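Engineer: Residue-level listing of the chains:
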Amino acid sequence: MTGDTIRRVVLNEFSTPLEFAGCSDLLEAFVAVLHGWSLRELTGETTDSEKTIRFWKADDVYQWSTPWGSHSLHRRRDYPPRTTVEALCDFHYDFVGWYLYEQPDILCLHCAAVEFGDGLVVFPCVAKAGKSTLTAQMVSRGHRVFSDDIMPIEPGVNNGVATGLQPRLRRPLPENFPDESRAFVEARSGPTNKRYVYLNLSGDEIAPYGETAPVKGFVLLERETDVAAEIVAESASNMLAEVIMQNSRRKDFPMEVFDRTHQLVSQADCVRLRYSNGLEAINLLEERFDR
Amino acid sequence: MIMNHPFVRCRHVVSRRVDQDVFLVDEETTAIHQLNAVGAAIWEMLEEPRKLSEILDILHTAFPDKSKKTIKKDVKALLEDFLDEELIEELDPDNPLKGVS
Numbered sequence: 022m023t024g025d026t027i028r029r030v031v032l033n034e035f036s037t038p039l040e041f042a043g044c045s046d047l048l049e050a051f052v053a054v055l056h057g058w059s060l061r062e063l064t065g066e067t068t069d070s071e072k073t074i075r076f077w078k079a080d081d082v083y084q085w086s087t088p089w090g091s092h093s094l095h096r097r098r099d100y101p102p103r104t105t106v107e108a109l110c111d112f113h114y115d116f117v118g119w120y121l122y123e124q125p126d127i128l129c130l131h132c133a134a135v136e137f138g139d140g141l142v143v144f145p146c147v148a149k150a151g152k153s154t155l156t157a158q159m160v161s162r163g164h165r166v167f168s169d170d171i172m173p174i175e176p177g178v179n180n181g182v183a184t185g186l187q188p189r190l191r192r193p194l195p196e197n198f199p200d201e202s203r204a205f206v207e208a209r210s211g212p213t214n215k216r217y218v219y220l221n222l223s224g225d226e227i228a229p230y231g232e233t234a235p236v237k238g239f240v241l242l243e244r245e246t247d248v249a250a251e252i253v254a255e256s257a258s259n260m261l262a263e264v265i266m267q268n269s270r271r272k273d274f275p276m277e278v279f280d281r282t283h284q285l286v287s288q289a290d291c292v293r294l295r296y297s298n299g300l301e302a303i304n305l306l307e308e309r310f311d312r
Numbered sequence: 008m009i010m011n012h013p014f015v016r017c018r019h020v021v022s023r024r025v026d027q028d029v030f031l032v033d034e035e036t037t038a039i040h041q042l043n044a045v046g047a048a049i050w051e052m053l054e055e056p057r058k059l060s061e062i063l064d065i066l067h068t069a070f071p072d073k074s075k076k077t078i079k080k081d082v083k084a085l086l087e088d089f090l091d092e093e094l095i096e097e098l099d100p101d102n103p104l105k106g107v108s
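Just so you know, the protein sequences line up as chains A and B, in that order.
Quick note on the numbering used here: the first sequence kicks off at 22 and runs consecutively.
Quick note on the numbering used here: the second sequence kicks off at 8 and runs consecutively.
Quick caveat, the hints were computed from the structure, so don't treat them as lab data.
Fair warning: this is a prediction, and the values are worked out from it, not measured in the lab.
Just so you know, not all the hints are guaranteed correct.
Part of the chain B face toward chain A, derived, beta carbon under 7 Å [to be verified]:
| hint | residue |
| --- | --- |
| 1 | Val25 |
| 2 | Asp26 |
| 3 | Asp28 |
| 4 | Val32 |
| 5 | Thr37 |
| 6 | Ile39 |
| 7 | Gln41 |
Non-contacting residues of chain B with respect to chain A, defined by C-beta distances greater than 12 Å in every case (computed) [stated by the list, open to error]:
| hint | residue |
| --- | --- |
| 8 | Glu51 |
| 9 | Lys58 |
| 10 | Ser60 |
| 11 | Glu61 |
| 12 | Leu66 |
| 13 | Phe70 |
| 14 | Lys75 |
| 15 | Asp88 |
Quick list of the computed label-pair ranges, beta carbon to beta carbon [claimed, not checked]:
| hint | chain 1 | residue 1 | chain 2 | residue 2 | range |
| --- | --- | --- | --- | --- | --- |
| 16 | B | Asn43 | A | Arg203 | 43 to 49 Å |
| 17 | B | Glu92 | A | Glu245 | 31 to 37 Å |
| 18 | B | Asn43 | A | Pro195 | 32 to 38 Å |
| 19 | A | Pro176 | B | Ala44 | 32 to 38 Å |
| 20 | B | Asp88 | A | Glu34 | 44 to 50 Å |
| 21 | A | Asp225 | B | Phe70 | 56 to 62 Å |
| 22 | A | Asn304 | B | Arg23 | 35 to 41 Å |
| 23 | B | Lys75 | A | Ala148 | 42 to 48 Å |
| 24 | B | Glu92 | A | Gln288 | 29 to 35 Å |
| 25 | B | Ala44 | A | Glu307 | 33 to 39 Å |
| 26 | A | Tyr114 | B | Asn43 | 32 to 38 Å |
| 27 | B | Phe70 | A | Pro193 | 52 to 58 Å |
| 28 | B | Glu54 | A | Val52 | 54 to 60 Å |
| 29 | B | Glu92 | A | Arg192 | 40 to 46 Å |
We put the beta carbon where it would ideally sit given N, CA and C, even for glycine.
Build the full structure now, drawing on both the sequences and the hints.
Structural biologist: Here it is as structure tokens:
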């Protein structure tokens with residue numbers, strides 16, 4: 022382990038402290054992408070290393086260990102994180118593990134969620150469907166984002182809980198990304214590397230950690246080439262299957278995850294959205310959900 | 008596969024109906040299966056132990072225009088899938104507490 026500065030912090034009400042040994046830059050990067058999270062420095066307090074998320078640098082490579090044991094070192098051994106943003110991007114996936122470690126009984130959806138009118142429209146994660154770029158375009162049109170990746174569901178009620186994790190877009194942006202959307206993203210670029218750009222959305226563009234809102238719709242995205250945007254009704258059973266299959270907790274609590282997701286989906290408006298042009302797609306979403 | 012004995016749902020499988028579909032949640036393997044309308048109908052028939060011949064009789068009555076050969080082939084394939092996934096088991100009539108393997 023190298024570096025002589027050790028910082029220990031607690032974020033939010035989480036029980037797991039974080040320790041940064043010789044890599045305060047990574048802590049600063051975390052703070053930059055976690056909107057509405059509170060940070061408390063632990064000074065003069067010792068922490069149980071077994072129950073601490075520890076970060077350090079060895080041979081110029083960022084490394085970490087986590088108490089939930091999903092892995093003990095950085096994720097990509099073929100492409101080890103040597104810069105702050107590479108380490109941030111690699112740890113991105115561990116935010117989910119961290120959240121579930123802290124709140125093991127909570128249902129988390131793998132999705133984007135954006136505020137339309139009096140509730141949230143949820144976009145379950147579908148590979149290469151343009152979820153994050155469409156989310157950025159929705160924010161540029163005045164809708165607040167609640168989630169770009171995972172969204173916990175408040176126990177007992179069908180409310181989504183904002184994680185405050187800033188959206189992350191793949192680079193380069195799509196060729197057909199409109200100029201005004203591109204300018205919006207460029208004006209709000211946060212931590213960036215060759216593959217990703219985190220946005221740096223302000224308080225009226227992203228809900229802060231912990232804010233809740235009712236889920237009112239589920240939208241399965243289908244991005245195609247050269248089609249007019251179209252919304253068609255989707256059955257609750259097909260939506261349920263899509264949402265459940267992406268839920269990692271179903272392996273631990275299959276019935277609880279099924280029944281909770283069923284309750285959520287059955288009370289929402291479920292549709293499929295085919296689109297090529299993001300702005301056309303948002304027009305249809307506003308017609309359907311913005312009330 | 009014997010297919011002469013009654014089939015019964017495995018105790019560790021819980022079903023839920025959503026719209027026209029039935030989902031099976033296997034609490035042992037944690038697998039979740041989405042059944043189509045035919046699969047759902049057969050699953051609901053297996054609420055009580057039934058032999059293949061009983062299932063076929065019910066379906067022949069319900070779908071008189073459909074070839075008996077086709078129905079038998081489809082139902083056998085479905086039951087084999089259910090058995091492979093350990094969603095159902097065949098009852099041993101000499102020992103009803105234990106399935107036939």
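Engineer: Work down the list of hints and note, for each, if the structure agrees.
Structural biologist: Evaluation of the provided hints:
1. Val25: holds, 4 Å
2. Asp26: holds, 5 Å
3. Asp28: holds, 4 Å
4. Val32: With a closest approach of 5 Å, the B:Val32 hint holds.
5. Thr37: OK, holds: B:Thr37 within 7 Å of chain A, min 4 Å.
6. Ile39: Nearest chain A Cβ about 6 Å off; hint holds.
7. Gln41: holds, 5 Å
8. Glu51: Holds, because the least Cβ-Cβ distance between B:Glu51 and chain A comes to about 15 Å, which exceeds 12 Å.
9. Lys58: holds, 30 Å
10. Ser60: holds, 31 Å
11. Glu61: Check passes; 28 Å lies beyond 12 Å.
12. Leu66: holds, 23 Å
13. Phe70: B:Phe70 clear of chain A: closest Cβ-Cβ about 23 Å, beyond 12 Å.
14. Lys75: holds, 30 Å
15. Asp88: Correct as stated: the minimum Cβ-Cβ distance to chain A is 17 Å, above 12 Å.
16. B:Asn43 x A:Arg203: 43 to 49 Å: Hint holds: Cβ distance 44 Å, inside 43 to 49 Å.
17. B:Glu92 x A:Glu245: 31 to 37 Å: Roughly 34 Å apart at Cβ, these two residues keep to the hinted range, so it holds.
18. B:Asn43 x A:Pro195: 32 to 38 Å: holds, 36 Å
19. A:Pro176 x B:Ala44: 32 to 38 Å: Holds, at about 34 Å.
20. B:Asp88 x A:Glu34: 44 to 50 Å: With a Cβ separation near 47 Å, B:Asp88 and A:Glu34 satisfy 44 to 50 Å, so the hint holds.
21. A:Asp225 x B:Phe70: 56 to 62 Å: Holds - the Cβ-Cβ distance for A:Asp225 and B:Phe70, about 59 Å, lies within 56 to 62 Å.
22. A:Asn304 x B:Arg23: 35 to 41 Å: Distance hint for A:Asn304, B:Arg23 holds at roughly 36 Å.
23. B:Lys75 x A:Ala148: 42 to 48 Å: holds, 43 Å
24. B:Glu92 x A:Gln288: 29 to 35 Å: Holds - the Cβ-Cβ distance for B:Glu92 and A:Gln288, about 30 Å, lies within 29 to 35 Å.
25. B:Ala44 x A:Glu307: 33 to 39 Å: holds, 36 Å
26. A:Tyr114 x B:Asn43: 32 to 38 Å: holds, 35 Å
27. B:Phe70 x A:Pro193: 52 to 58 Å: holds, 56 Å
28. B:Glu54 x A:Val52: 54 to 60 Å: holds, 56 Å
29. B:Glu92 x A:Arg192: 40 to 46 Å: holds, 43 Å
The structure agrees with every numbered hint stated previously.
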